[in-house]
Amino acid sequence: MEIIVEYFPLLLKGAWLTVQLTVTSAVIALVISFVIGLSRLSRHWWVRALATIYLEFFRGTSALVQMFFMFYVLPLLGVTLSPFLAGVIACGFNLGSYGSEVVRGAIQSIGKGQREAAHSLNYTTYQRYRYVLIPQAIPMMIPPFGNLLIELMKLTAVTSLITLSDLTFVAQIIRGQTAMTLEPFLIILVMYFAIASVLVGFTDWVASSIAKRRGMVPVKVN
Amino acid sequence: MQIYTIPFARLHAWQPSQRSRTLTDTANIIEFRDVHKSFGSLKVLNDLNLEVAPGEKLALIGPSGSGKTTILRILMTLETLSAGRVIVDGDYLWHEEKDGKLVDASEAHLHKMRNEIGMVFQHFNLFPHLNALQNVEQPQILVRKTSKVEAREKAMELLGMVGLSDKATHFPHQLSGGQQQRVAIARSLAMDPKIMLFDEVTSALDPELVDEVLNVLRQLASDSDTTMLTVTHEMNFAREFADRVLFFDKGQIVEAGKPEDIFTHPREPRTRSFLSKFISVS
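Note that the protein sequences, when read in sequence, are chains X and W. The opening position of the first sequence corresponds to residue 1 in the working numbering, with each subsequent residue numbered one higher. The opening position of the second sequence corresponds to residue 1 in the working numbering, with each subsequent residue numbered one higher.
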């Protein structure tokens, strides 16, 4: 027990790093989701083609290998990334590819009537997306984004393999130093679960605050 | 004595080309010249010619699939032409002149032309994420570049005109179909179009809500000098509303005339049989 207490600050530090990795890569993933998702709806074929290549590449290859590539291979090409940066870029790019499908699907699901109304009011393409389609699509994106956010948080565990001392890494250290196996892993399972619960609460809060602003009954996310 | 004869076929061919002159100067606010429209192998409009005077109120009636809605959608630039010319307020709608040649209209040209035209849809198509007031304000601010203060003032005035001042902060899902449609009318009017298109605006409404929308249209028709085209299945309404009624069938105007003529003494058998489903015709 004392051992756990002794290592608790280290575990907290690991949890904090996991949170930082999650938030940073979530921001990257969100930006990519919109950029790639909207590009897939472009009227220019080459924009759609580039976005599709991105999507299929990052969705179709392992996040772990992508991260190793960024951390171990890019330096050989003269680009050195810090472990943190390599980790969040790999996680963000990977989940961003899934997120882009969420963005595209939500926007495409909006009825023809809305596009025609915007068209007849003479909105430009930009205005149609910015003021009509995206605001209506966002509430639909939130539940799948919530799922992806939790996926992303769990994915950050792979960064322990490139020397980042996140939760998983800390558990390995404790195991190595104390020969205890059950306790550290049980503890980090609970900690991952606690972080996930906070993320679920956050997603619910976003969904319900949007619904409230639009005078609607909140949609339950999970 | 010499007799000049023109072969009938040539005479026939000569007439449409006269009509499809390239000049756009006309007193009419809308002209369809030899317009064809097909969806794949389906012919929706077949050599349509139509002239509408400024301020005229037109009712388009006819069986479904007869092409009446397509006319509105072509005017709103939601549907392209297969052939022919459409002139709106002295300018080609779907074409523009470039280096003395008539070419397909650019998006910039269409954008300019759309400013003249407003449309109200069967299913209202209000923006569900905006309340009634914002629905009427936003297009003015974004498209007309009206100041927020002026846009709000005008929106409130128009919501008052359609009898919905007290519903300004309601969202579409909190309004009845009739109320939503009245907001949609206000939203279109806020853009000050010269031409208003009403596409079966009461077809999706419960019967008891139809009148509140038609009353707004009746009032509009009598108060404003906006040109209005309405596609409707409400024959009694068409009769009061319209200066001229067009009966469509199979992509062509079968019969056109004053409402009292069309509704009381339809000349064409097809008109008569269509109308007999709605009203008793002599």
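These aren't lab readings, by the way, just hints derived from the structure by calculation. Be careful, since some hints might not be right.
As a list, the in silico DSS-like pairs of lysine-lysine whose alpha-carbon atoms are at most 27 angstroms apart [as the list claims (entries may be wrong)]:
no. : chain 1 : residue 1 : chain 2 : residue 2
1   : X       : Lys112    : W       : Lys43
2   : W       : Lys101    : W       : Lys145
3   : X       : Lys112    : W       : Lys98
Pair ranges (Cβ atoms, derived) [to be verified]:
no. : chain 1 : residue 1 : chain 2 : residue 2 : range
4   : X       : Gly113    : W       : Glu208    : 19 to 25 angstroms
5   : W       : Ala83     : X       : Val79     : 32 to 38 angstroms
6   : X       : Ser209    : W       : Asn115    : 35 to 41 angstroms
7   : X       : Ser109    : W       : Thr26     : 23 to 29 angstroms
8   : W       : Lys101    : X       : Lys112    : 32 to 38 angstroms
9   : X       : Tyr126    : W       : Ser64     : 46 to 52 angstroms
10  : X       : Phe57     : W       : Lys43     : 42 to 48 angstroms
A partial selection of chain X residues facing chain W, derived with a Cβ cut-off under 8 angstroms [stated by the list, open to error]:
no. : residue
11  : Gln114
12  : Ser120
13  : Asn122
14  : Tyr123
15  : Gln127
16  : Arg214
Where a beta carbon is used, it is the ideal one built from N, C-alpha and C, also for glycine.
Note to self: For each hint given before, does the structure comply? Return the numbers of the non-compliant ones in rising order.
What the structure shows: 2, 3, 5, 7 and 9
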